[in-house]
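Trainee: Use the sequences and the hints to build the structure in full.
Here is how the chains run, residue by residue.
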Amino acid sequence: MTHTLHRRGTVESLEHDYTMFNNVQQGINNINVGERAATFLKIMVKNKPVNAGYRWIGSLSAGVPLEDIVNEREKQSNIFSCNAVFDSKDKLVETLKELKEKELGLCVIVGGLLKEVFDAANKAGLTPHTVNIPLGIWGKKELLPKEKVLWITTMCGHNMVPPQLVNSIIEQIKRGSISLEDASKILSKPCICGAFNPKRAEEVLKELIKE
Amino acid sequence: MRIDQEKCIGCYRCAAYCTANAISVIECLASVDQEKCLECGNCLRSEVCPTEAIYEIPLDWPRSIRMNSDPLIFKKEFKTPVGHLSRVTSGIKRNELMRKYESGEVGFMISPGRPGVGTTLENVEKIYRAVTGLGVEFQPNLVTSLMIDPKIGKMRKEVLKERILYTDMEFKTEIDRIPEVIEKLREVSNNIDTVFSISIMCRVEADMSIPALTALESLGVSYYPNGKANMGLGRWVGLKTGGGN
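Going down the list, the sequences are from chains S and R.
The first sequence begins at 1 in my numbering and counts up one residue at a time.
The second sequence begins at 1 in my numbering and counts up one residue at a time.
Bear in mind the hints are in silico, worked out from the structure with no lab data behind them.
Quantities reported herein were computed from a predicted structural model and do not represent experimental measurements.
Some clues are possibly wrong.
[As the list claims (entries may be wrong)] Using 27 Å as the maximum straight-line C-alpha spacing, the simulated DSSO-like pairs for lysine-lysine come out as follows:
1. K100(R) to K141(S)
2. K140(S) to K172(R)
3. K79(R) to K141(S)
4. K185(S) to K46(S)
5. K154(R) to K140(S)
6. K102(S) to K100(R)
7. K75(S) to K75(R)
Mentor: Right, dumping it as structure tokens:
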């Protein structure tokens, strides 16, 4: 799966966008996954991500209370991941340091500018094992929306933030019907996994409303 | 997905949440174009309808395939004659444990329909056929389950016109075969009625280099500065002691 992979934007725009999630393999490291994944989630949240979630129940940006997310993850034995997105490399480093120390045995996958992700791993005493690198969008590209709209929509890897929602939100901001902050909350809500970065969405919206 | 015409007041708030642009207003009421609808459930989940007019019905085969567009598919009953169909493949997520990709090897992940355009299974079959001629083997998932003849990429006829938001197709090959794969993907890229996102997967070498990138650069294939990295933290738990490396 590549849900947190194909996030589009310039290097500058992506500098404040780091995703993290856990994974397990049946029969290898899925024993007591609920408890360990709940601990993983708590470690991520301690380092103040801009969003977090667990697909089984939802995300912070969708209005699900953190306590509910943690409790639900703890009691479930399924292998669905807990996700978070950070807006700074420093937060990523601190989270990785603690995860290394805790030795939860979970697979941990980090997304972002790879140069920065590798640096963060190094600072945390970790060695990246395998990478997944996007080669872009091919095929009938005339079907795509405006590039900066994609910067927002691709932050939900399940594609639940459609371009027409972004366009509708832009119109509402221009009319003065909603604030940027409320706009990013509306855009975050359909992303049930918690991988959508509302802070980055605000920054991109600021650019889009000028166009 | 359906909209109850008795309850709809034509406010059109739901349309912005449709991932397929399938909701339109006909005679002042919102209506879902069933041909376009991907059954992703986003309109219903949005809870924007003030009269709760949006609803879903159990889907029969082959339309049930469209449920793969719904991120909450795992909570639903899924009717299929070929067993459970999931578009999921593992990618790099557990590679430190599964050792699927080792040094000298590269994985390709092709996602027809992504980002947000959607695809017919006919387009998926086209890509599959283009690549399978190279003698590579796709990881089992939704796409392979629908093949009558996986060797030539012939899909079940009844599913070809069905639409999904996206799916993943993953296969492995040697790094020195990257030029052949890229050539095939370039060919099919000029002859397809949707978009597809591509990514590569490979081990990070001991010196932190990624050899596959050199091959791509020599072919003029650009890659993103961002991506995903498996941190190598996965370990056997509760079965035996020792590290995953």
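Trainee: Each hint: holds or not?
Mentor: Consistency of the hints with the structure:
| no. | hint | result |
| --- | --- | --- |
| 1 | K100(R) to K141(S) | 32 Å, violated |
| 2 | K140(S) to K172(R) | 25 Å, holds |
| 3 | K79(R) to K141(S) | 33 Å, violated |
| 4 | K185(S) to K46(S) | 21 Å, holds |
| 5 | K154(R) to K140(S) | 23 Å, holds |
| 6 | K102(S) to K100(R) | 26 Å, holds |
| 7 | K75(S) to K75(R) | 16 Å, holds |
Checked against the numbered hints above, the structure breaks hints 1 and 3 and satisfies the rest.
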